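The residues making up each chain are set out below.
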Amino acid sequence: MSSITDPDTGSFRLSMLINDTRYRSLTFQAIAAVILALSFAYLGNNLIQNLRQAGLNISYDFLGAPSGYDINQTLIEYDSRSTHSRAAIVGILNTLLVAFLACLTATIFGVLAGVLRLSNNWLVSKLMAFYVEIFRNIPVLIWIIIIFTIMTAVMPAPRAFRGDEPEATMLFGAFAFTNRGIYIPAPVWGPGSIVVVLTFIASIVGIFVYRRHATKTLYETGRLLPTFWPSVALLFIPVILMQLILGRPVGLDYPVLGGFNFSGGLQIGAPLIALWFALSIYTGAFIAENVRAGIQAVSKGQTEAAGALGLRPGRIMSLVVLPQALRVIIPPLISQYLNITKNSSLAIAVGYADVTATLGGITLNQTGRAIECVLLLMLFYLTISLTISAVMNVYNNSVKLKER
Amino acid sequence: MKTSVFFGALTVAGMAAGMASAATLDDVKARGQLNCGVSTGLVGFAAPDSNGVWEGFDVAVCRAVAAAVFGDPTAVEFVPLTTKTRFTALSAGEVDMLARNTTWTFSRDVDLKLEFVGVNYYDGQGFMVPRDLGVSSAKELDGATVCIQTGTTTELNLADFFRTNNISYEPVPIETNAEAQQQYLAGACDVYTTDASALAATRASFETPADHILLPEIVSKEPLGPLVRHGDNEWGDIVRWTLNALVTAEELGVTSANVEELAAAATDNPEVNRLLGTEGELGAMLGLEADWAKNVIAAGGNYGELFETNIGESTPIGLARGLNAQWTEGGLIYSPPFR
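As given, the protein sequences belong to chains A and B, one line each in that order.
Residues 1 to 404 (the UniProt record's numbering) are what the first sequence spells out, left to right.
Residues 1 to 339 (the UniProt record's numbering) are what the second sequence spells out, left to right.
Misleading hints may appear alongside valid ones.
Stated by the list, open to error - Computed cross-link-like contacts, DMTMM-like style, restricted to lysine to aspartate or glutamate with a CA-CA straight-line distance of at most 25 Å:
{"no.": "1", "chain 1": "B", "residue 1": "Lys221", "chain 2": "B", "residue 2": "Glu170"}
{"no.": "2", "chain 1": "A", "residue 1": "Lys342", "chain 2": "B", "residue 2": "Glu175"}
{"no.": "3", "chain 1": "B", "residue 1": "Lys139", "chain 2": "A", "residue 2": "Asp20"}
To be verified - Label pairs and their calculated CB-CB ranges:
{"no.": "4", "chain 1": "B", "residue 1": "Asn165", "chain 2": "A", "residue 2": "Ala65", "range": "21 to 27 Å"}
{"no.": "5", "chain 1": "A", "residue 1": "Ile138", "chain 2": "B", "residue 2": "Ser136", "range": "25 to 31 Å"}
{"no.": "6", "chain 1": "B", "residue 1": "Ser136", "chain 2": "A", "residue 2": "Phe175", "range": "30 to 36 Å"}
{"no.": "7", "chain 1": "B", "residue 1": "Arg131", "chain 2": "A", "residue 2": "Thr169", "range": "46 to 52 Å"}
{"no.": "8", "chain 1": "A", "residue 1": "Gly192", "chain 2": "B", "residue 2": "Asp211", "range": "32 to 38 Å"}
{"no.": "9", "chain 1": "A", "residue 1": "Leu118", "chain 2": "B", "residue 2": "Arg131", "range": "53 to 59 Å"}
{"no.": "10", "chain 1": "A", "residue 1": "Leu112", "chain 2": "B", "residue 2": "Asn165", "range": "49 to 55 Å"}
{"no.": "11", "chain 1": "B", "residue 1": "Asp211", "chain 2": "A", "residue 2": "Leu75", "range": "46 to 52 Å"}
None of these hints come from the bench; they were simulated from the model.
All figures in this text were calculated on a predicted structure; none of them were measured in a lab.
Every residue gets a Cβ at the ideal spot worked out from N, C-alpha and C, and that includes glycine.
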């Protein structure tokens, strides 16, 4: 501040609140805060009075009452005698599932498309530009509906698999692609399978340890150990060996067409696939732009310097450019993850039972408790968004430019 | 999330609006038209024709109320509402009444503070399946995938039916009848369940209706009727007695063909005279013109005529009168007397 005021000479006068630059901003902030608080109080009071006049009240008792409806995708035990709160939890888990899956695949799509868009190959870069512009500029709800409609219209119904000469057949006798979803074999955990699972976990830990060792070797001796093939070998060989030694404790349950639908196996419902895929490619297009911006923020000299040292393009990208680009990419990426989580509430368009569909849809409609349900929904999305934000900020702090 | 907050805000804002105007009749008169909530499209009950004019059995109730208030059955703004948005729209004052194949239930009447003014169609929940599925009873539907309109009583009945019969199913929640139809025809669900009348109406719009059968089980009572907001009894009376006028007219043999003649001068039948305003003050008691009921009947005919032209056996929907015959014919349709 360049304006210089006299040192405090006299006593404090009320007019200084407006005229004195030391206090003016505080005064206006205080006024704004009071107005804001008053307007919220007015709205809240209005709501309560109107509710009272209508003979309604705010009550969360309905959460303990039986819900009375069924849900098509439940990650936990649930039936129509369960409570509304359990239905809400089923919905929350479904929301988290699709958000997690979509964040994962959107990141993969986004990084690939972002890197490829900067490719020197004209066709590849133009294709990626096409992808980004098409998906970024059409609302995600439309993509969800397009993908779902294509799935239900193009894929065969389960009844097409029936008969001696069916119109559709299962892939390898194990995978069935229908307009109700994809049926895949499900693992069956026989006796001794715990050993196989533990082996698998140990393998993953082993991969991390090995990679750390490889990095350390590189930094200390400058010798580059291969990482890709040892990682793959570590992931598969111990598990397969253990499975054979113990006499195949982990079996597979194949889906079989019986009655109306396929039974057995694992069903990945069409709504989940449509929502997951639509969110992934839509948000992936945004992430691609973040990645492109991040890469372009890294000075070209870095690439040239790395090239002068004899590094191959792939290594330049993964060892020199991307680590520096990350600090530009991560902050907007947090927003994209939040967007995915919030956009997953469009699930109702395809009948996916997320929390907006259960708590904010059926429960709200059956109980008529609109305000209570919407408040709970707001609380849920707020909590989730803040959590994602917090976790991603921790990661951001770990990759951001360290000034020493 | 965005939509939820929007609906929440809408509810809050709408409740303020709804409460501020208890005298719905004055609002309707000042506006010059009736806002009537109808289905988003169910042939026979409420659907726009090729010229975009709404027609159907539920639509006729809206037109009758407009005729009672304005003497003009076209003074209606039709607001298509999904099963999810209908009650909020009514509570919020977005519409003055709902005529939207809505089931009269305890909790809607008592807990949601809505007022059902009567029943214009006695229905029950049924099941439709493709003929080639080879199913002849709903009890054979173990493991089936069922399309269901979400937020409806049918959703709850379905869960109860399958649970009490100890068979399983997979629900596919759908927002509108049109979506359900598309999913069902694509084979994404084996069964479509909703009120039997709506199933008949939906099937009638299929290319080959004969390929689909309605299963014999009717698993619930679904009295469908128009409803208004709780707390404005004068307005509730107008809608209630408009519906009753339609029913009474059929009982007394007053039709769209003879109503002008009967209303021209007092007849031998005092109840006809009271109904048509040539005797007594019934119209004034409702705050309407003396010839209100004449306009109601002239708008599209009496209850029986509306039934026959919109959903009766001569229409593609082909519903028999059944329970919806007059009480004198062994049905349940019964109006309190006009006196």
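Checked hints:
Only pairs whose Cα atoms come within 25 Å are accepted, and lysine 221 of chain B paired with glutamate 170 of chain B is accepted, the gap being roughly 23 Å. A C-alpha spacing of about 20 Å is found between lysine 342 of chain A and glutamate 175 of chain B, which places the hinted pair at or below 25 Å, so the restraint holds. With a CA separation close to 82 Å, the supplied pair lysine 139 of chain B and aspartate 20 of chain A exceeds the 25 Å bound. At roughly 23 Å, the beta-carbon separation of asparagine 165 of chain B and alanine 65 of chain A lies within the given 21 to 27 Å, and the hint holds.
Against the hinted window of 25 to 31 Å, the Cβ-Cβ separation of isoleucine 138 of chain A and serine 136 of chain B comes to about 46 Å, which falls outside the hint. A hinted range of 30 to 36 Å for the beta carbons of serine 136 of chain B and phenylalanine 175 of chain A is consistent with their spacing of about 33 Å. Roughly 25 Å separates the CB atoms of arginine 131 of chain B and threonine 169 of chain A, a value that falls outside the hinted 46 to 52 Å. In this structure the supplied range 32 to 38 Å is violated for glycine 192 of chain A paired with aspartate 211 of chain B, their Cβ-Cβ distance being about 52 Å.
For the pair leucine 118 of chain A and arginine 131 of chain B, the beta carbons lie near 58 Å from each other, so the given range of 53 to 59 Å is met. In this structure, leucine 112 of chain A and asparagine 165 of chain B meet the distance hint of 49 to 55 Å, their C-beta atoms being roughly 51 Å apart. Between aspartate 211 of chain B and leucine 75 of chain A the beta carbons are some 37 Å apart, a value that contradicts the proposed interval 46 to 52 Å.
Consistency note: the structure conflicts with the earlier hints numbered 3, 5, 7, 8 and 11.
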